[in-house]
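A.B. asks: Sequence:
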Amino acid sequence: MLPPARVAVAGREVVSFCPEAAGGLPTPRRPAELVGGDGHDVLDGGARVVEDTGRDVTAAFVDGARRAPAAARRAGCTEAPLMPRSPSCGHGAVYDGSFGGELVAGDGVTAALFERNGIVVRPAPGV
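Residue numbering for the sequence shown follows this note's numbering, beginning at -11 and increasing consecutively.
A hint or two may mislead.
[Stated by the list, open to error] The following label-pair restraints were derived from C-beta to C-beta distances:
{"id": "1", "residue 1": "42", "residue 2": "64", "range": "27 to 33 Å"}
{"id": "2", "residue 1": "42", "residue 2": "6", "range": "21 to 27 Å"}
{"id": "3", "residue 1": "89", "residue 2": "64", "range": "19 to 25 Å"}
{"id": "4", "residue 1": "16", "residue 2": "55", "range": "19 to 25 Å"}
{"id": "5", "residue 1": "42", "residue 2": "66", "range": "34 to 40 Å"}
{"id": "6", "residue 1": "47", "residue 2": "112", "range": "23 to 29 Å"}
{"id": "7", "residue 1": "105", "residue 2": "33", "range": "33 to 39 Å"}
{"id": "8", "residue 1": "43", "residue 2": "89", "range": "19 to 25 Å"}
{"id": "9", "residue 1": "103", "residue 2": "12", "range": "20 to 26 Å"}
{"id": "10", "residue 1": "89", "residue 2": "34", "range": "20 to 26 Å"}
{"id": "11", "residue 1": "4", "residue 2": "90", "range": "27 to 33 Å"}
{"id": "12", "residue 1": "43", "residue 2": "113", "range": "31 to 37 Å"}
Rather than coming from a laboratory, the hints here were simulated on the basis of the structure. We put the beta carbon where it would ideally sit given N, CA and C, even for glycine.
Please build the complete structure, drawing on both the sequences and the hints.
C.D. replies: Rendered as structure tokens:
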């Protein structure tokens, strides 16, 4: 039996893109969460993305998110399977900013921007 991810992408071109890396953040990187709202609020200037050390990494998350729709359009993507709960890619639920593992309703920064650009966001299969 094939893993769920292979089944989900069978017959499709896969575009690998990490908005956090595209925004200049290192791998591995510190845990980060949305503070003051979700990704839509970050894009509108009303919330931030903060590392567990307190460092504000909003600019890197927004920069990487802004590069994602262009990469998707170049490849003809109409939907994006994204990692759940992430401050970039979470869709429907993201961590609450307390670094305590609690979830709240909302979307990550890249997921929000994909939605605003008409790209359907789905949770990555098998995650």
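A.B. asks: Look at each hint and say if it fits the structure.
C.D. replies: Hints and how they fare:
{"no.": "1", "hint": "42 x 64: 27 to 33 Å", "verdict": "violated, 40 Å"}
{"no.": "2", "hint": "42 x 6: 21 to 27 Å", "verdict": "holds, 23 Å"}
{"no.": "3", "hint": "89 x 64: 19 to 25 Å", "verdict": "violated, 37 Å"}
{"no.": "4", "hint": "16 x 55: 19 to 25 Å", "verdict": "holds, 20 Å"}
{"no.": "5", "hint": "42 x 66: 34 to 40 Å", "verdict": "holds, 38 Å"}
{"no.": "6", "hint": "47 x 112: 23 to 29 Å", "verdict": "holds, 25 Å"}
{"no.": "7", "hint": "105 x 33: 33 to 39 Å", "verdict": "violated, 18 Å"}
{"no.": "8", "hint": "43 x 89: 19 to 25 Å", "verdict": "holds, 20 Å"}
{"no.": "9", "hint": "103 x 12: 20 to 26 Å", "verdict": "holds, 23 Å"}
{"no.": "10", "hint": "89 x 34: 20 to 26 Å", "verdict": "holds, 24 Å"}
{"no.": "11", "hint": "4 x 90: 27 to 33 Å", "verdict": "holds, 30 Å"}
{"no.": "12", "hint": "43 x 113: 31 to 37 Å", "verdict": "holds, 32 Å"}
Consistency with the previously given hints fails for numbers 1, 3, 7, ordered from lowest to highest.
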